[in-house]
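Protein chains in written order, with full-length UniProt numbering: chain A, 1 to 275; chain B, 1 to 275; chain C, 1 to 275; chain D, 1 to 275.
Source of the hints: derived by calculation from the structure; they are not laboratory data. Take these hints with a grain of salt, some might be off.
Treat identical chains as interchangeable: a pair holds within one or across any two.
Once the Cα atoms are required to be at most 30 Å apart in a straight line, the calculated DSSO-like pairs of lysine-lysine come out as [to be verified]:
1) 254 with 23
2) 23 with 151
3) 257 with 87
4) 151 with 80
5) 80 with 257
6) 87 with 72
7) 72 with 23
8) 87 with 254
9) 23 with 80
10) 87 with 151
11) 23 with 87
12) 79 with 139
13) 139 with 23
14) 72 with 139
Protein chains: 4
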Amino acid sequence: MIIVIQCRDQVGLVAAISALMAKHQYNIISLGEHVDVAENLFFMRLEVEAHVENPGLHQELLNILPAGAVVKINPQPEKKIVVLVTKEYHCLADILVRNYFGTLGAAVQCVIGNYNILEDVCRRFDVPFHHAPYDTQTKEQAEAQISSIIKQNNPDYIVLAKFMRILSPQFNHDFATRIINIHHSFLPAFVGANPYRQAFERGVKLIGATAHFVSDELDEGPIIAQQIIPVNHGFTAADMMNVGREVETAVLAKALKLVFDDRVFVYNNKTVVIE
Amino acid sequence: MIIVIQCRDQVGLVAAISALMAKHQYNIISLGEHVDVAENLFFMRLEVEAHVENPGLHQELLNILPAGAVVKINPQPEKKIVVLVTKEYHCLADILVRNYFGTLGAAVQCVIGNYNILEDVCRRFDVPFHHAPYDTQTKEQAEAQISSIIKQNNPDYIVLAKFMRILSPQFNHDFATRIINIHHSFLPAFVGANPYRQAFERGVKLIGATAHFVSDELDEGPIIAQQIIPVNHGFTAADMMNVGREVETAVLAKALKLVFDDRVFVYNNKTVVIE
Amino acid sequence: MIIVIQCRDQVGLVAAISALMAKHQYNIISLGEHVDVAENLFFMRLEVEAHVENPGLHQELLNILPAGAVVKINPQPEKKIVVLVTKEYHCLADILVRNYFGTLGAAVQCVIGNYNILEDVCRRFDVPFHHAPYDTQTKEQAEAQISSIIKQNNPDYIVLAKFMRILSPQFNHDFATRIINIHHSFLPAFVGANPYRQAFERGVKLIGATAHFVSDELDEGPIIAQQIIPVNHGFTAADMMNVGREVETAVLAKALKLVFDDRVFVYNNKTVVIE
Amino acid sequence: MIIVIQCRDQVGLVAAISALMAKHQYNIISLGEHVDVAENLFFMRLEVEAHVENPGLHQELLNILPAGAVVKINPQPEKKIVVLVTKEYHCLADILVRNYFGTLGAAVQCVIGNYNILEDVCRRFDVPFHHAPYDTQTKEQAEAQISSIIKQNNPDYIVLAKFMRILSPQFNHDFATRIINIHHSFLPAFVGANPYRQAFERGVKLIGATAHFVSDELDEGPIIAQQIIPVNHGFTAADMMNVGREVETAVLAKALKLVFDDRVFVYNNKTVVIE
């Protein structure tokens, strides 16, 4: 059984929580805890051996925690997700393969694309694909269509697997802290069009990727995972894009595993990841 | 205040420990815990805010823990170490620099070398150097000399910073779980003489280093930290040795920081590192 | 046009080769060269801009190179491969996805499995799957069946994508330097059964993977690519296997790209990889 | 003998150069070459076995290269450098240690600090230290003092080893492409004061460092080397600074080795690094 708790910090929290576990004879297998001292916030992920169901545990925990505590017990082991894509296949295919073999930690409800290029690969894995074009309808109409499909599927998370349209603040707000995005990252950062071209012209030696929850601003929001891959002067801008895709695939996969495994807490504009 | 605990696992340990902290109004800043379920072992590192001394805390903890528990409270913030070297400077110089600038987390009591090549660099940092030659005395005599110098200095740890003599089982036993060694590592492993030559001939693409506590067998014992560095066909065996030195220096520095910061627990032939 | 050359080294080779390119007005875009001084061997990969076909170029090159030189000009841009699998999907699925989207640099002719567990995923990508069981026929019969299927497909390379049967020396000899294997790697190496269990018990901090050409000995042969991923005491043996699969997938993908792009030279028991 | 060449590209360059080597019976040990096709630029680093001096070689090479070619033959094996520092010791100490043991590939002529905190460590290694304060004289005066000391020492390179003053465009211009800087790097980049505080507040998962030649703009200029180190939510802003220092030390060391080994070419705002 996995228990995740996020609340104001106070003296004795770990004691109270673990006393409750002991009272029920739950043995604690792993306990990850973090306190943000400056913000006075407490985060805990517990994995316990429990041999019987205990429907009252949620309330028992709330009773011993400060007001406003968020508690999730035994979060549904298999999350539900909807995936948004454009043309690039790399992140989607990785998700579809893990979904098919049962190792994703989530069930893909459907895929929505603003192009229909990736419909065939979804069909091959028996995953419903919806086409929400941005050219034959307005952006508002397309987003309303996407929003409607998402709401019908009621997913835990929405994964932007290289979805290349900017979603409106309203959309992001509607699905707050439930949208996960992957994007390339550079040292230094390159603002504006064609960042791979800029990275190439600057001769960067690393290409990175960042997976993050989406906040109001484009490519901002709490970071879940990051990684880099080395490049050199022999890489063309196209080569840099290719290795960028490899690292995007790997970083998104890692971030999804952490989120689906209930290891990621979000507050302010950052995350606590209890591995 | 840092508290480290290692004992048999049982239901309610975290509760009991943290209730004791709460009773004393110690706020838990960070709590790292690990249970080895198969071995029924419990490990905890606590960092607490405590505003007054409490000399009875050690006994209070033992009272609530299973028999045989090992508890260290507020381990002396600065450890004492003795460093053994042969001819290579890279790990020693890194230790001396951090020692001089007060960032090592330990105080170097002295350096012992089976050659005197590194005496000058020690002198420049005002660190005593002892020469324990293996050519003008027997191995047993040299080891007895080393052992005697160590015992006079009463260090918490002995660091083998590229000490290229094999220490006797008796020596290792005398200073059990207090000797830290660094050595190169390869994929695959190369047994026998001149591993860098073998690595070169096999065309390995990675050179690694492993920092570990010394057990009875050479280059065996609980692993503290490991890292690798990429190489390629353009590297000569000498180039591989050079990058091997870089990664050895970095891995030993990281391992020492973890150990001196009381983050490393040892049991069976492995470690728990609570970062 | 890509040209790869492997021959005895002698003074003036680069001059002679590049003079020939200049004579034909081929501009050299990239030139990677390596000399193994001790072995007196010369390796070159040339990428040139050539606007017309030149069927005589191969002979012209042989004319200026030492006896016994191996020259490949404009190697067929798309290699043909046969993939061997057992039960694990991770490497195969990655290959099938890249094959489907045309980014593998090779065309998968068919997949052969000693179990038929992975037949369905092949079928979904329209790739022929052959079942070569080891339980209803002898090992010799199974290997003969595999060998026969391979020969019918005439592949450039055979990829062991987690094929868990040991192939006979005769088989390896028949397809010498054309079989690519991926396997987990550890620091230190663990010999014998269940290496992940051994790695877990030793508390390793890294899990690695090695892609290599197969030589006569199991898990030996010239190394093409290696990479590692960090682990810690919180990883169970099963968790280590899972991250091991991630790094195996990534390393095999990288190795295949290098090989299919004609960047890998093999000699003695090692490779030169001209990136 | 090492030869480095940078010039306009044209058909037959490699042929002409290597024919010249062959004429003199110089055997080419390693040849690294890069062509920037878009910019029509050619870069080469040659390592040759030459048994006799050849003072005319420089002119012979210029004779066969396009106008404006830059050729350096057998660049003085030991470069001369001046190091600028402020208060942080990590990069300076690493340079001093390598300088002392003869593995830096350059000789440190002197160190200049705007504070005198690091004078003692220089003195311990017998390296002259000059104090160029910014508080008892104007910035212009301090820079004039620094410039004067540099000119007296006539170094090949000036290394900013955590020099925390902004140098004037005139200064940077005077020592163009000879100033090497190291600075922290983040994904995303953080503009303004206290980037480690910003990185902490954003919850970054990586801290990086970039070594680069200094151009007119602060922290801009051709990148020589980059690397990162993982961090997590348990790192305070101070912890992030500490690991930032580790990666800065490692990246500057690598960049200096590449530069002193004549492996780095600069053009436009980027580098070619022939490893």
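So, going through the hints one by one against the coordinates:
1. 254 with 23: The answer is neither: 35 Å in one copy and 40 Å across copies each exceed 30 Å.
2. 23 with 151: neither (40 Å within a copy, 48 Å between copies)
3. 257 with 87: both (24 Å within a copy, 22 Å between copies)
4. 151 with 80: Within one copy only: 12 Å inside a chain, 45 Å across chains, cut-off 30 Å.
5. 80 with 257: within (13 Å within a copy, 34 Å between copies)
6. 87 with 72: Result: close neither inside a copy nor across copies, 36 Å intra and 36 Å inter.
7. 72 with 23: This pair counts as both: shortest intra-copy Cα distance 19 Å, inter-copy 28 Å.
8. 87 with 254: both (22 Å within a copy, 23 Å between copies)
9. 23 with 80: This pair counts as neither: shortest intra-copy Cα distance 33 Å, inter-copy 43 Å.
10. 87 with 151: within (23 Å within a copy, 37 Å between copies)
11. 23 with 87: For residue 23 and residue 87, the Cα distance exceeds 30 Å both inside one copy (54 Å) and across copies (44 Å).
12. 79 with 139: Within one copy, since 29 Å is at most 30 Å while 43 Å is not.
13. 139 with 23: For residue 139 and residue 23, neither the intra-copy (55 Å) nor the inter-copy (57 Å) Cα distance is at most 30 Å.
14. 72 with 139: Intra 36 Å, inter 52 Å, cutoff 30 Å: neither.
Violated hints for the displayed structure, listed by number in ascending order: 1, 2, 6, 9, 11, 13 and 14.
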